[in-house]
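> Each residue of the sequence shown is one higher than the one before, counting from 0 in numbering that gives the first Met the number 0.
In case anyone wonders, no lab produced these hints; they're calculated from the structure. A few of these clues could be false.
[What the hints assert, rightly or not] Taking lysine-lysine and the DSSO-like style, the derived pairs with C-alpha atoms no more than 30 angstroms apart in a straight line are:
#: 1; residue 1: 62; residue 2: 91
#: 2; residue 1: 80; residue 2: 93
#: 3; residue 1: 91; residue 2: 80
#: 4; residue 1: 97; residue 2: 80
#: 5; residue 1: 62; residue 2: 90
Predicted model only: the values in this text are computed from it and were never measured.
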Amino acid sequence: MKDLLGAMSRTASFENLPKDTRSLAIVTHDYLNLSLSMGFHYVILDAYLSNHPFNNYISFSFKGGAAELRKRELRVTLVGKILRQLGFEVKKTKDFLKARIKADSAETLAEKLNIIGRMLGVTRLLDMALTSEEVVEEYLERFFRQDYSLEPPGRPQATKSCA
Numbered sequence: 000m001k002d003l004l005g006a007m008s009r010t011a012s013f014e015n016l017p018k019d020t021r022s023l024a025i026v027t028h029d030y031l032n033l034s035l036s037m038g039f040h041y042v043i044l045d046a047y048l049s050n051h052p053f054n055n056y057i058s059f060s061f062k063g064g065a066a067e068l069r070k071r072e073l074r075v076t077l078v079g080k081i082l083r084q085l086g087f088e089v090k091k092t093k094d095f096l097k098a099r100i101k102a103d104s105a106e107t108l109a110e111k112l113n114i115i116g117r118m119l120g121v122t123r124l125l126d127m128a129l130t131s132e133e134v135v136e137e138y139l140e141r142f143f144r145q146d147y148s149l150e151p152p153g154r155p156q157a158t159k160s161c162a
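Between the sequences and the hints, there should be enough to build the whole structure, so can you do that?
Below is the structure:
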């Protein structure tokens, strides 16, 4: 059992993932390991939430996309800014991002997981729309206003698409 838990806690390497990799999830009462293949990009979310805050963490990795490298980098910039505002330590290289937060209450981290879910829904297709740092800032502000529309800046914004 100890070896199984150790294997589950290791984050998979994006370098060796084939293009047709399927999504997988391991879910228990306290633990979540989610490996998502979302078209041309990949997400690995690993979280442990318990009654012992010192043991709790969320680890998040993101890579790829279908757009040109600059637009993928802008999406990773947006994701990184969202996660930093949530208190994550973020490391970014080109279109790859690794983020981690630890030692917080299960309730607080559960709220952050909810926000990460919303973030993934909103940013999934944004690599095509992101054209500059200014556009990234606009989508960042919208996200934290709970405006999840994908309308480009300058166009009338739709009402909230996610409650």
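> Taking each numbered hint in turn, which are not upheld by the structure, reported in ascending numerical order?
none
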